[in-house]
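S.K.: Residue numbers (this note's numbering), protein chains in the order written: chain A, 1 to 364; chain B, 1 to 315.
Hints listed in this document are in silico derivations from the structure and should not be mistaken for laboratory results.
A virtual CB, placed ideally from N, CA and C, is assigned to each residue, including glycine.
Where hints are given, some of them may not hold.
What the hints assert, rightly or not - Here are a few chain A residues that face chain B, going by a calculated C-beta distance under 10 Å: (1) Leu154; (2) Gly173; (3) Arg264; (4) Asp305; (5) Glu310; (6) Thr314.
Stated by the list, open to error - List time: in silico DSS-like cross-link candidates among lysine-lysine, alpha-carbon distance up to 30 Å: (7) B:Lys273 - A:Lys170; (8) A:Lys320 - B:Lys271; (9) A:Lys271 - B:Lys122; (10) A:Lys209 - B:Lys176; (11) B:Lys166 - A:Lys212; (12) B:Lys222 - A:Lys170; (13) B:Lys176 - A:Lys98; (14) B:Lys166 - A:Lys170; (15) A:Lys98 - A:Lys66; (16) A:Lys215 - B:Lys273; (17) A:Lys360 - B:Lys166; (18) A:Lys212 - B:Lys176; (19) A:Lys112 - A:Lys131; (20) B:Lys161 - A:Lys214; (21) B:Lys215 - A:Lys272.
As the list claims (entries may be wrong) - Here are some chain A residues the structure puts well away from chain B; computed CB gaps all over 10 Å: (22) Ala42; (23) Cys62; (24) Arg64; (25) Lys170; (26) Asp220; (27) Ser237; (28) Thr255.
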Amino acid sequence: MWSSWSPLRRLQRIAVSASRPAAAGNNNYIGGMQRREQSALAHRVYITRKVPPEGLEIVRRCGRVKFELWDSDDPVPRDELLKKVKGVDGLLCMLTEKVDAELLDAAGPNLKVLSTMSVGFDHLCLDELKKRGIRVGYTPDVLTDAVAELTVALLLATSRRLIEAAHEAKTGGWGTWRTLWLCGYELANSTVGILGLGRIGVAIAERLKPFKVKKFLYTDVAPRPQLAEMINAEYVSLEELAKQSDFLAACCALTPETQGICNRKLFSQMKKNAIFINTSRGGIVNQEDLYEALSAGQIAAAGLDVTTPEPLPTDHPLFKLKNCVILPHIASASYTTRNAMSALAANNLLAGLRGEPMPKELEL
Amino acid sequence: RCGGLLVRVPPLPAAGCKVSLWDSDEPIPRTDLLQGVSGAHGILCLLSDRIDAEVINAAGPNLKVISTLSVGFDHLAVGEIKKRGVRVGYTPDVLTDATAELTVALLLATARRIPEGVEEVKNGGWSSWKPLWLCGYGLSGSTVGVIGLGRIGLAIARRLKPFGVKRLLYSGRTSKPQAAEVDGEFASLDRLVSESDFVVVSCSLTPETQGLCDKALFSKMKKTAVFVNTSRGAVVNQEDLHEALSSGRIAAAGLDVTTPEPLPTDHPLLKLKNCVILPHIGSATYSTRGIMAELCANNLLAGLTGSAMPSELAL
Chain A
1 MWSSWSPLRR LQRIAVSASR PAAAGNNNYI GGMQRREQSA LAHRVYITRK VPPEGLEIVR
61 RCGRVKFELW DSDDPVPRDE LLKKVKGVDG LLCMLTEKVD AELLDAAGPN LKVLSTMSVG
121 FDHLCLDELK KRGIRVGYTP DVLTDAVAEL TVALLLATSR RLIEAAHEAK TGGWGTWRTL
181 WLCGYELANS TVGILGLGRI GVAIAERLKP FKVKKFLYTD VAPRPQLAEM INAEYVSLEE
241 LAKQSDFLAA CCALTPETQG ICNRKLFSQM KKNAIFINTS RGGIVNQEDL YEALSAGQIA
301 AAGLDVTTPE PLPTDHPLFK LKNCVILPHI ASASYTTRNA MSALAANNLL AGLRGEPMPK
361 ELEL
Chain B
1 RCGGLLVRVP PLPAAGCKVS LWDSDEPIPR TDLLQGVSGA HGILCLLSDR IDAEVINAAG
61 PNLKVISTLS VGFDHLAVGE IKKRGVRVGY TPDVLTDATA ELTVALLLAT ARRIPEGVEE
121 VKNGGWSSWK PLWLCGYGLS GSTVGVIGLG RIGLAIARRL KPFGVKRLLY SGRTSKPQAA
181 EVDGEFASLD RLVSESDFVV VSCSLTPETQ GLCDKALFSK MKKTAVFVNT SRGAVVNQED
241 LHEALSSGRI AAAGLDVTTP EPLPTDHPLL KLKNCVILPH IGSATYSTRG IMAELCANNL
301 LAGLTGSAMP SELAL
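Extracted from the complex, chain A is given alone in its bound form (with noise of 0.2 Å):
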């Protein structure tokens, strides 16, 4: 429940002075103003977990807001949240709170800002935002590198059967060096499609090229010359992007028109030796029909750090498989980018609770 990494605990410990002290059994922390100083102009804010310390030490230093922290690695539970969201003029939540009208309305008239520590928005109801005038603000750009760089390691791991390596050396299957044992697919000379072109996309296009990639491809609900061009990729339909792939990585948000995309009929036109890698949402992926693929043979191999749900439990059929690699979600896990997120987050949430430009600001 509490960060795994100790010294990062004690330098959290050391950046919030000390303040009241939270009361027994509750992860409650309460920072920010002295009772003495708080006013009217004081902006009531509420963080749904413990952020890493760049964002929180933005937060406490700000002298007109007034926070409250679910002091915990874990999920604020639905009812505490919607308990300790009343009356707050901010929100700065992750991917795991469902940002809804029930939610909202629990929060009432002075919400005026949402901040999510996320690029995805998928977990907020833009329309009942939208409604309300409430602007948001979310975490596009400083973690592009960080899950470009998770992507292209999933892909790497499953094509080149990291996994089954690694556990065949610990388990005694190593004997001597044999000419066709643990043989994976190659890069080198491949095509490698992109579903949903955005930033992300760009920047795994980006680190695959010096592998000798020979074609990149990419499907979106349009064209997108400007990206396209960076990387030199071809705009082919969904079909096309299937039958011609050595590796299909999934790149896209998740919407309505998205979910579910991954489908029996999407796998059924990919080429048998084909790699299939989603970094995206698990929403995208309809994960009986990706389980038939893999089993049945129809594509080589998958990689995924997403997954319907989160976490996906143990006895989950896509376990049995061994060419199935499943990631827990840590596209953006890295010291620095998940500082950068928070730090974002927080710059966000102060904008927006002064009324001014944020740094990054979701168009509703």
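Dock chain B against chain A, hints included.
M.R.: Just chain B, lined up with the frame of chain A:
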């Protein structure tokens, strides 16, 4: 008449040769090897076959060519081979891409804690998205040091560049003009290890590089550094590496090569969470192994007919 001892490889042209094959995925036992090479004109071997004076003597005066299915040749007694005027074929270049790719795969898997992540998912350790859980070290803004900027070292550097690497250092006997392509900066080994966030070993195994990565080297590295070796196991002092990893002297290590191979399953390095070990799969892709086998066979045939080899090792 020519005879050769082969181990199991993808189908290869055997034009006019009488071929004896050790038809197994497992290595040939020493006694069978010594018997089998008797009178052979050519030997096609793997890196797991030690070809020393004893083997060469057992082969006898017919022996003209040894062709190895590898780019490394530390398993060949080069001095003895040269003395007898025997030619050697090997497989450089064709495996460069696959090996560089695996090295980057291993570096990323180690730095971004992929095996740990997979394990947590399987054993129920994954509860929800958490801001600081399983955070790793990113390449963006980092300094990478490559020990030995040969064909493979350069190919590794090219692949790491677009990850936002800020500085690329390399060490070796001399500076290399081709380093300019990756903005590589020639540095002493000491400077490389003390300034790098990622240390990648890509040199060949020689008497000079044997045990190069030892306590002294690890003690100069950053506490947050990641160490990767895909060259040869003997370049690393494994006891010293274990000490460095378990004491937090360095952050993590990824190895595709060990001493011995295979590494015994009770070896202390296999117990460390921050050590990723792969069973020497650097060149293990279907296409590369096929190309290596073809090249190896063509080297052999050229040696038998006294013609120019596609890839001859200069002795």
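S.K.: Could you run down the list of hints and mark each one as holding or not?
M.R.: Hint check:
1. Leu154: Holds - the Cβ of A:Leu154 comes within 10 Å of chain B, reaching about 7 Å at its closest.
2. Gly173: holds (8 Å)
3. Arg264: violated (24 Å)
4. Asp305: holds (9 Å)
5. Glu310: holds (7 Å)
6. Thr314: holds (5 Å)
7. B:Lys273 - A:Lys170: Holds, at roughly 12 Å.
8. A:Lys320 - B:Lys271: holds (24 Å)
9. A:Lys271 - B:Lys122: It holds: about 28 Å lies between the C-alpha atoms, which stays within 30 Å.
10. A:Lys209 - B:Lys176: Holds: A:Lys209 and B:Lys176 sit about 24 Å apart, inside 30 Å.
11. B:Lys166 - A:Lys212: The given pair, whose Cα atoms are some 22 Å apart, holds under the 30 Å limit.
12. B:Lys222 - A:Lys170: holds (28 Å)
13. B:Lys176 - A:Lys98: violated (56 Å)
14. B:Lys166 - A:Lys170: violated (35 Å)
15. A:Lys98 - A:Lys66: The hint holds at about 23 Å.
16. A:Lys215 - B:Lys273: violated (37 Å)
17. A:Lys360 - B:Lys166: With Cα atoms ~26 Å apart, A:Lys360 and B:Lys166 stay inside 30 Å; holds.
18. A:Lys212 - B:Lys176: holds (23 Å)
19. A:Lys112 - A:Lys131: holds (12 Å)
20. B:Lys161 - A:Lys214: holds (18 Å)
21. B:Lys215 - A:Lys272: violated (47 Å)
22. Ala42: At about 26 Å from chain B, A:Ala42 clears the 10 Å cut-off, so the statement holds.
23. Cys62: holds (20 Å)
24. Arg64: Given a closest Cβ separation of 25 Å, the condition holds.
25. Lys170: For A:Lys170, whose nearest Cβ neighbour in chain B is about 5 Å away, the distance does not exceed 10 Å, so it is violated.
26. Asp220: holds (22 Å)
27. Ser237: Its Cβ never comes within 10 Å of chain B, the nearest being 28 Å, so this holds.
28. Thr255: Answer for A:Thr255: holds, closest chain B Cβ roughly 20 Å.
In summary, the numbered hints that this structure violates are 3, 13, 14, 16, 21, 25.
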